[in-house]
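2 protein chains.
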Amino acid sequence: MRAEIITIGDELLIGQVINTNQAFIAERLTAAGVSVEKMTSVGDHPELILQALREAWATRDIVIVTGGLGPTHDDVTRSALCTLLETDLVADERVRERITLLLKARGMRWSEAAEHQTYVPRGMRIFVNPVGTAPAMVAEREGHRLIVLPGVPYEMRELLTGSIVPYLADHLEAPAIVHRTLRTTGIPESLLAQELGELDSLLEGARLAFLPSPRGVRLRITVHESTSAESRAKAERIEQRIRDRVGEYIYGVEEEELEEIVGALLRERSLTIAVAESCTGGLLADKFTNVSGSSRYFERGVIAYSNRSKTELLKVPPDLLRRHGAVSQEVAEAMAEGIRRMAGVDIGLSTTGIAGPGGGTPEKPVGLVWIAYADGASTISVHRRLGDDRLRIKDRASHAALELVRRRLMEPG
Amino acid sequence: MRAEIITIGDELLIGQVINTNQAFIAERLTAAGVSVEKMTSVGDHPELILQALREAWATRDIVIVTGGLGPTHDDVTRSALCTLLETDLVADERVRERITLLLKARGMRWSEAAEHQTYVPRGMRIFVNPVGTAPAMVAEREGHRLIVLPGVPYEMRELLTGSIVPYLADHLEAPAIVHRTLRTTGIPESLLAQELGELDSLLEGARLAFLPSPRGVRLRITVHESTSAESRAKAERIEQRIRDRVGEYIYGVEEEELEEIVGALLRERSLTIAVAESCTGGLLADKFTNVSGSSRYFERGVIAYSNRSKTELLKVPPDLLRRHGAVSQEVAEAMAEGIRRMAGVDIGLSTTGIAGPGGGTPEKPVGLVWIAYADGASTISVHRRLGDDRLRIKDRASHAALELVRRRLMEPG
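Chains as they are written, first to last, in numbering that gives the first Met the number 0: chain A, 0 to 412; chain B, 0 to 412.
Derived from the structure by calculation, the hints contain no laboratory data. A few of these clues could be false.
One copy or any two copies: either way a pair holds, since identical chains are not told apart in the list.
List of simulated lysine to any residue pairs, SDA-like, C-alpha gap at most 25 angstroms [unchecked claim]:
hint, residue 1, residue 2
1, Lys233, Glu92
2, Lys363, Gln328
3, Lys314, Asp345
4, Lys103, Gly357
5, Lys103, Thr360
6, Lys314, Met341
7, Lys103, Arg217
8, Lys233, Arg206
9, Lys103, Phe209
10, Lys363, His382
11, Lys233, Ile13
12, Lys103, Pro361
13, Lys103, Gly161
14, Lys233, Tyr118
15, Lys233, Gly246
16, Lys233, Gly358
Make a model of the complete structure from these sequences and hints.
Structure, rendered in structure tokens:
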């Protein structure tokens, strides 16, 4: 199965927006056993869109188109689709229902633009958009498939993973390619490679990709045997070998986020937690509360940015702040113990560091972060050097704090 | 001048790498007055590369190719170039000198791979790579230009801005295209289109793109007149007309973020702020503290997730919580006033809502959020319906809270 991805939008052609949709689609198609041969981007010009569609439709088994489906006047994709498929637009009842529901939920009235959006090329199969208005649409002709997705990234992602990938899985042969992703944190790529050691016998001919990101390195195993059962079995063997060697750094698989893993551990054990943040500035609480049902274990958070707030909200002794400074092991531990006591929870978690760009000194440079964990029985703390980019420091520090909780909860006894 | 950008590399086609080169080149070409009509990506396959080159070379004034020039075995671009230009490879003395120098500086010896890299298609103009080995190369034929750049991002950037853009400036007329982006929030795309009304007279032939995102719609004006002075003047006229019609929704231009705008307003006026969050769970504080220097005005934040924490940390009367529920105008206002008093700051800001997926009722559905602002003189509050996705509700509610502060601070008197 050979595919082409066509992304549409003037914003791409002037370089205002980086084409993340393209990479996301390519990754998912590859994982589904489809080989992406070409990716094309054109602006909102009817002739250029039609030309790109025609070329792709004539030469590939699967053509995925995204962008140019919004409610305003720059929507030209739909008419290009009609020309290509030699059909006209027809109002779709399910799309109308969805838009009605969405407008109602947002307290908005029906408009001409909404009416316009209910029209889809006649004969295309429709997948309703669970998070927006423009649906996904599929045309099938002589074994060729044309798949059209909205361009708003989160809508595209939702429809691709929720509707199109399952649709392709139903209609294509089961891919004998199996991917498995293991998510690590707290170990750099080079060290991870070293710990894994000799790869030939580990992999038995399969492939292993190291995918680094600011939060950690993902390991992607790709196995291609003659049947999917064989591929799955081999992937499991390889995963087990990798876990034997570097298991302590692996916190999850596939798309699992660390905050979900930690949340599940807290729920399982009926533990409650509260956080006291300085340098992470709310991001740690934000991660905790991104998880549905987190109100069961996340009791409160405090962003004690000023020294005064550290004293008032967390009862950090002013003397401790004076002697060791706000960014210190002592203050991190006092913050974790303080929030635990104030909130009356099982676990207190804290961060304090220098997010920069200002405020660094030779002894306490930008990027230095102290993280502490207190559970009444004991208080532990770690420090990290997390680079020199403010947003990255906040992100990595929050991740490291979550990882500290995970490791503590996973400890035997 | 119509251009096409061709990027080459298997890593793009499997979605392992996001194509940032493409956007960078597109942005620089656009700024140089070149109109990018199409962008194409293909893997390291000789036939697919040649086919993409042929199509582009036949139809565009400028073709920029990047990738596939590295020292490893996947270098197939060079031979495709020779086929396209009907020429052969020839060793280049300046490239040899450059590679010799670089290897010496890195303490490395001359190798077969290095030798291989000295060969370039005969007749192409060479721009030596100041930060790597592979040079930039240009072919000119009957007014068409083929420009080849290495794929390593920083080498590509260096050669593009240092050599190719100046080369194009010498050979092309001055750019007459001007872009201007206005960022709006608090108004959906369809309503924004309605408020802008009839576009033909507003735009005088220029183009306007609506770029929606969960936080708001960006409006991008594109003007193409015969001189850049004319284009700029017209873009300003159009911007003014747009501001006359929907100015209240515009919070910034180009890449400005709302939290930066609000931070600048607070600093200008020497005001301090503290936040009390329920449904946004730390994200509002996170946004505030993403801005460098925010510690000057951001004093503290409290994430009062439980009712108990609302009472303890913000002195919200338990009776108020019982009578109106945590998600209510009364509690939102008590939270804003509470955090203002507790923190001793000028402004208190609060959010309370139902982020879902559980917890909704017919009267208070998932997505309902109350936001309050208290400055001692008065307390104001707004409510919003923000869809049904937990993360998006958090994001939109934080954005709406920032926007409430911006609007309040911008009010006359």
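#### Entry: Structure versus earlier hints - violations, ascending order
Violated: hints 1, 14 and 16.
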